[in-house]
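With chain D held as given, fit chain G onto it using these hints.
2 protein chains.
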Amino acid sequence: MRTLYHYPLCPFSRKVRVVLAEKKLEFIEQIERFWERRDEFLELSPGGDLPVLVEEGGTVLGDANAICEYLDEVHREPPLLPPEPEARAETRRLVGWFDRKFHDEVTRNLVDEKVTKRLTTLKGAPDSRLIRAGFANIHQHLEYIAWLAERRPWLAGPHYSLADVAAAAQISCIDYIGDVPWDRHPGAKDWYARVKSRPSFRVLLSDQLPGVPPPKHYSDLDF
Amino acid sequence: MRTLYHYPLCPFSRKVRVVLAEKKLEFIEQIERFWERRDEFLELSPGGDLPVLVEEGGTVLGDANAICEYLDEVHREPPLLPPEPEARAETRRLVGWFDRKFHDEVTRNLVDEKVTKRLTTLKGAPDSRLIRAGFANIHQHLEYIAWLAERRPWLAGPHYSLADVAAAAQISCIDYIGDVPWDRHPGAKDWYARVKSRPSFRVLLSDQLPGVPPPKHYSDLDF
Numbered sequence: 001m002r003t004l005y006h007y008p009l010c011p012f013s014r015k016v017r018v019v020l021a022e023k024k025l026e027f028i029e030q031i032e033r034f035w036e037r038r039d040e041f042l043e044l045s046p047g048g049d050l051p052v053l054v055e056e057g058g059t060v061l062g063d064a065n066a067i068c069e070y071l072d073e074v075h076r077e078p079p080l081l082p083p084e085p086e087a088r089a090e091t092r093r094l095v096g097w098f099d100r101k102f103h104d105e106v107t108r109n110l111v112d113e114k115v116t117k118r119l120t121t122l123k124g125a126p127d128s129r130l131i132r133a134g135f136a137n138i139h140q141h142l143e144y145i146a147w148l149a150e151r152r153p154w155l156a157g158p159h160y161s162l163a164d165v166a167a168a169a170q171i172s173c174i175d176y177i178g179d180v181p182w183d184r185h186p187g188a189k190d191w192y193a194r195v196k197s198r199p200s201f202r203v204l205l206s207d208q209l210p211g212v213p214p215p216k217h218y219s220d221l222d223f
Numbered sequence: 001m002r003t004l005y006h007y008p009l010c011p012f013s014r015k016v017r018v019v020l021a022e023k024k025l026e027f028i029e030q031i032e033r034f035w036e037r038r039d040e041f042l043e044l045s046p047g048g049d050l051p052v053l054v055e056e057g058g059t060v061l062g063d064a065n066a067i068c069e070y071l072d073e074v075h076r077e078p079p080l081l082p083p084e085p086e087a088r089a090e091t092r093r094l095v096g097w098f099d100r101k102f103h104d105e106v107t108r109n110l111v112d113e114k115v116t117k118r119l120t121t122l123k124g125a126p127d128s129r130l131i132r133a134g135f136a137n138i139h140q141h142l143e144y145i146a147w148l149a150e151r152r153p154w155l156a157g158p159h160y161s162l163a164d165v166a167a168a169a170q171i172s173c174i175d176y177i178g179d180v181p182w183d184r185h186p187g188a189k190d191w192y193a194r195v196k197s198r199p200s201f202r203v204l205l206s207d208q209l210p211g212v213p214p215p216k217h218y219s220d221l222d223f
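Heads up: the protein sequence lines correspond to chains D and G, in order. Under the UniProt record's numbering, the residue at position 139 of the first sequence is numbered 139, and the numbers go up by one with no gaps. Under the UniProt record's numbering, the residue at position 99 of the second sequence is numbered 99, and the numbers go up by one with no gaps.
The hints are simulated quantities; they were obtained by calculation from the structure and are not laboratory data. Since the structure is predicted, the reported quantities are computational estimates derived from the model, not experimental observations. Check before you lean on any hint, since a few could be wrong.
[Claimed, not checked] Taking lysine-lysine pairs in the BS3-like style, the calculated list, with each CA pair at most 27 Å apart, reads:
#1 D/K117 / G/K216
#2 G/K216 / G/K117
#3 G/K189 / D/K114
#4 D/K101 / G/K117
#5 D/K114 / D/K216
#6 D/K101 / G/K189
#7 D/K101 / G/K101
#8 G/K101 / G/K189
#9 D/K101 / D/K189
Chain D extracted, bound-state conformation:
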């Protein structure tokens, strides 16, 4: 059986968990306290980064993007990248947008500062300047999601894709700590409600981090 090393509030781990669920692939969950930098884990992940997927034969796969592409190549149904090169490029552009821009401008500022720092006790006190930046930045990103979702059934085109997975992975972490201003962004909320209702998303909605319970609406499909 394959094993996924992950952490509940790591958005990149969440991407892989959703892709595994979309592909209906079973896996053993190994919650990794990455900040402890266990020797056995560092042997799998030289930078100590999550997620890591160890396949049944022992193949070690790192980097969420590489893992998602691998799973989509090896387990084709349902496809999470479209067949046309231009459409694949647009999907990957959005994956990069959410993995990098959304993460660095929003998720890191809110989730890492408010929760991860406290749980891991590694990087010092929360930085209120960064938290304010995260709250300021989230609006334009939710507007961009609404803008895309107005023009296309899903973020990258007619089909649910890795772009939706990447966006929802980031947003679900922020929703877990109750910081998504849904009432001001009905377009993004409508898209997220559709993502949330997919069976693959249940794996995330049942997360319970010790000492950090999610708000009631987190797992509510009709939020």
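Just chain G now, with coordinates in the frame of chain D:
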């Protein structure tokens, strides 16, 4: 003719320039002063990010990773990703390592702080704490390159790949400002000499940024 919007010291632009050269694809170079946020450019790139590739038919492609994957899919020779899914995953893992980890720990701290901030006059004074962190971090990354290159002909395996392109794109920016401690890292230097001698790398070695001349060894194949 396709047009590439890029900036000489942007490592992500450099990746695409090398891939275009590897595939022997002609393109018009448009050097974009991204910090000026021209309206016409923002229409192509909603986040104002480089690079952007506009194909002859008008298709607009953003995000360096998405563009490189697209070019490798549409123009197959020479392939820059191996055919086997596991080997592709390892290549993409390393692309992510250099695009994200190397960039954030080294390139950003050195190139952005020492040069880009000054040229763009947008983000304030250079932060000496970040510059010191960049100089401290570069050693472990060059050691990792040497470690990989000792075990494999190229960074991701038997063939030159997007992993080599990603690593060399970052390092070439730092080498342009003369900050790679080559004398302490002969293994990484040997690998970089092999990258540098490829015809596709000439496009980078002829760069001349106004007011910021590269050191003499920058374009020297026998450095």
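query = Keeping to a limit of 27 Å between CA atoms, is the pair of D/K101 and G/K101 held or broken?
reply = holds (15 Å)
task = Measure nothing beyond the straight line between the CA atoms of D/K101 and G/K189; if it is 27 Å or shorter, mark the hint as holding.
result = violated (32 Å)
Agreement of D/K101 and G/K117 with the hint, judged by alpha carbon distance not exceeding 27 Å = Roughly 20 Å between the alpha carbons, so the hint for D/K101 and G/K117 holds.
inquiry  = Run the distance test for D/K114 versus D/K216: straight-line Cα separation, threshold 27 Å.
reply    = Holds, at roughly 19 Å.
query = Would the pair G/K101 and G/K189 pass a check requiring their Cα atoms to be no farther apart than 27 Å?
reply = Since the Cα atoms of G/K101 and G/K189 sit roughly 20 Å apart, the hinted pair holds (cutoff 27 Å).
query = Taking only the CA atoms, is the gap from D/K101 to D/K189 under or equal to 27 Å?
reply = At roughly 20 Å apart (the allowed maximum being 27 Å), D/K189 and D/K101 satisfy the hint.
key: Hint consistency between G/K189 and D/K114 [alpha-carbon to alpha-carbon, up to 27 Å]   = With a Cα-Cα distance of about 42 Å, the restraint between G/K189 and D/K114 is violated, given a limit of 27 Å.
key: Distance restraint between G/K216 and G/K117, which requires alpha-carbon spacing of 27 Å or less   = holds (23 Å)
D/K117 paired with G/K216 [C-alpha distance capped at 27 Å] = Cα-Cα ~45 Å, so violated.
In summary, the structure is inconsistent with hints 1, 3, 6 from the numbered list given earlier, while agreeing with the others.
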